[in-house]
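A.B. asks: Model the full structure from these sequences, guided by the hints.
Just so you know, the protein sequences line up as chains Z and A, in that order.
Quick note on this note's numbering: the first sequence kicks off at 1 and runs consecutively.
Quick note on this note's numbering: the second sequence kicks off at 1 and runs consecutively.
If you are wondering where the hints come from, they were derived from the structure by calculation, not from laboratory data.
Hints are supplied without guarantee of correctness; some may be wrong.
[As the list claims (entries may be wrong)] In silico DSSO-like links for lysine-lysine, alpha-carbon gap of 27 Å or less:
{"#": "1", "chain 1": "A", "residue 1": "Lys59", "chain 2": "Z", "residue 2": "Lys171"}
{"#": "2", "chain 1": "Z", "residue 1": "Lys211", "chain 2": "Z", "residue 2": "Lys331"}
{"#": "3", "chain 1": "Z", "residue 1": "Lys238", "chain 2": "A", "residue 2": "Lys59"}
{"#": "4", "chain 1": "A", "residue 1": "Lys59", "chain 2": "A", "residue 2": "Lys5"}
{"#": "5", "chain 1": "Z", "residue 1": "Lys328", "chain 2": "Z", "residue 2": "Lys211"}
{"#": "6", "chain 1": "Z", "residue 1": "Lys171", "chain 2": "A", "residue 2": "Lys5"}
{"#": "7", "chain 1": "Z", "residue 1": "Lys328", "chain 2": "A", "residue 2": "Lys59"}
{"#": "8", "chain 1": "Z", "residue 1": "Lys328", "chain 2": "Z", "residue 2": "Lys75"}
{"#": "9", "chain 1": "Z", "residue 1": "Lys328", "chain 2": "A", "residue 2": "Lys5"}
{"#": "10", "chain 1": "Z", "residue 1": "Lys301", "chain 2": "Z", "residue 2": "Lys75"}
{"#": "11", "chain 1": "Z", "residue 1": "Lys328", "chain 2": "A", "residue 2": "Lys36"}
{"#": "12", "chain 1": "Z", "residue 1": "Lys301", "chain 2": "Z", "residue 2": "Lys171"}
{"#": "13", "chain 1": "A", "residue 1": "Lys59", "chain 2": "A", "residue 2": "Lys36"}
{"#": "14", "chain 1": "Z", "residue 1": "Lys75", "chain 2": "Z", "residue 2": "Lys171"}
{"#": "15", "chain 1": "A", "residue 1": "Lys36", "chain 2": "A", "residue 2": "Lys5"}
One-letter residues, chain by chain:
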Amino acid sequence: MTTISRARPMAGLALTLRRWPQRQPTAFLLVAAAAWFGLYRTLLPASEALVAWLPVERASHLGGALQFFLYDTPKVLLLLTGIVFVMGMVNSWFTPERTRALLAGRTEGAANVMAASLGIVTPFCSCSAVPLFIGFVQAGVPLGVTFSFLIAAPMVNEVALTLLFALFGWKIAVLYLGLGLAVAIGAGWVIGRLRMERHLEDWVRDMPRVKVSAEASALSLGERIRAGFTAVREIVGKVWPYILAGIAIGAGIHGYVPADFMASFMGKDAWWAVPLAVLIGVPMYTNAAGVIPIVQALLAKGAALGTVLAFMMSVIALSAPEMIILRKVLKPRLIATFAGVVAAGILLVGYVFNFALG
Amino acid sequence: MRQVKVLGTGCANCRTTVRLIEEVARERGVEVQVEKVERIEDIAAAGVLRTPGVVVDGKVVHAGGVPTRDAIAGWLQAT
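C.D. replies: Structure (structure tokens):
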């Protein structure tokens, strides 16, 4: 180590900095949190100063759009990085293996609530949906409870919630959280009630039962910090172009396009807007970040909140590729029931929003 | 010769994992035979909940996400 430092002091320093989170994890977390808050607090004045320095009128359309873009981009990316890092650490406690053990052998009802809630904090990749599904069923997690988890995990996640919070405020984020959970719990419960176990593919039903135990993974704080960094690299590294596109669209609308452009055909008064949004959203597939630019554009142009949330949920929760993957373990009737029940739940959410709350 | 199986339905992470294992094995001069397991029945039978999963000489050593180079080196070295 000393020879490296002497020969190339910068490389030595970089190496020390890289190892620091592992050596003194608590100190690292405190300093990182302080630095994060410091950065966050200086953003608005910094973007104001930058726009003032640019040769555009602050009150002009272009000035407004620039200000919006320059402030929102670092704000959203900073928020997302912070939350994804923390969730990466939290995820290291809630592995799918542990979640499965927590749910195994429980009876439906409360377990649906538990499964949907665990879906938020358990890391989930749609390419793992089938192995996960089989693993749950094999361990004796009831079918409806498995579905509650499988619906909540992709739909209600930290990326979707952070983006909704950063771009549209905490009320919309909390509403999305509550309604997403409600759809996952309700749909899972209904599927459980329908007793559709025989509509699993035969080879899945015939898989040997396994016994699982809920041992907590014994990771050190340093290793959890590493998991946080990995999550930031994998998630933020993948979604930032979508976020930039979303903010740019938002900025453009902010500066130029008159509001209420969409209100006539996606507003509250059009009863068919919600079913249409779900119908368009179901076959589409993109992640939470990919749908944000569209949501941004729709909301800013006066589309009703319930319609837009229903669209967002159906894009993330149901998709044609997912159905094709699930076909390997579910018989057509169960897939149709799954899609139908979830779509009905989302439809209900859209209507409740537009009529009862709006 | 080490028998390595990468379990996954063919997402980008699975391909990256295969490439990484082959790279690390070449760097360390370890002979490996890497096989991709894509049949969902076989993945499920291994008891892996997350993909990509990695099986070295019949033992599951990893599940979920692209493994680090250090971890791969560890599996290949261990006897």
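A.B. asks: Now, for every hint given, state plainly whether the structure supports it.
C.D. replies: Here is how each hint holds up against the structure:
1. At roughly 48 Å between alpha-carbon atoms, Lys59/A and Lys171/Z are farther apart than 27 Å, so this suggested pair is violated.
2. Between Lys211/Z and Lys331/Z, the direct Cα distance comes to roughly 26 Å. Compliance with the 27 Å bound is thereby established for this hinted pair.
3. Our distance criterion of 27 Å between C-alpha atoms is broken by Lys238/Z and Lys59/A, whose separation comes to about 31 Å.
4. For the hint pairing Lys59/A with Lys5/A, the CA-to-CA distance comes to about 10 Å; that is within 27 Å, so the pair holds.
5. The hinted pair formed by Lys328/Z and Lys211/Z meets the criterion: a straight-line CA distance of about 24 Å does not exceed 27 Å.
6. Pair hint Lys171/Z plus Lys5/A does not hold up; C-alpha atoms about 47 Å apart against a cutoff of 27 Å.
7. With a C-alpha separation of about 25 Å, the suggested pairing of Lys328/Z with Lys59/A holds against the 27 Å cut-off.
8. Proximity of Lys328/Z to Lys75/Z is assessed by CA-CA distance (about 42 Å); at most 27 Å being required, the pair is judged violated.
9. Distance check on the hinted pair: Lys328/Z and Lys5/A sit about 22 Å apart at the alpha-carbon level, within 27 Å; holds.
10. With a CA separation close to 23 Å, the supplied pair Lys301/Z and Lys75/Z stays within the 27 Å bound.
11. With a C-alpha separation of about 19 Å, the suggested pair Lys328/Z and Lys36/A falls inside the 27 Å cut-off, and the hint holds.
12. Distance restraint check for Lys301/Z and Lys171/Z: the Cα-Cα separation of roughly 19 Å lies within the 27 Å cut-off, and the hinted pair is therefore satisfied.
13. The straight-line distance between the Cα atoms of Lys59/A and Lys36/A is roughly 15 Å, inside the 27 Å bound, and the hint therefore holds.
14. Simply put, Lys75/Z and Lys171/Z have alpha-carbon atoms about 18 Å apart, close enough for the 27 Å limit, and the pair holds.
15. In summary, the hint linking Lys36/A to Lys5/A is supported, as the alpha carbons are separated by about 6 Å, within the 27 Å threshold.
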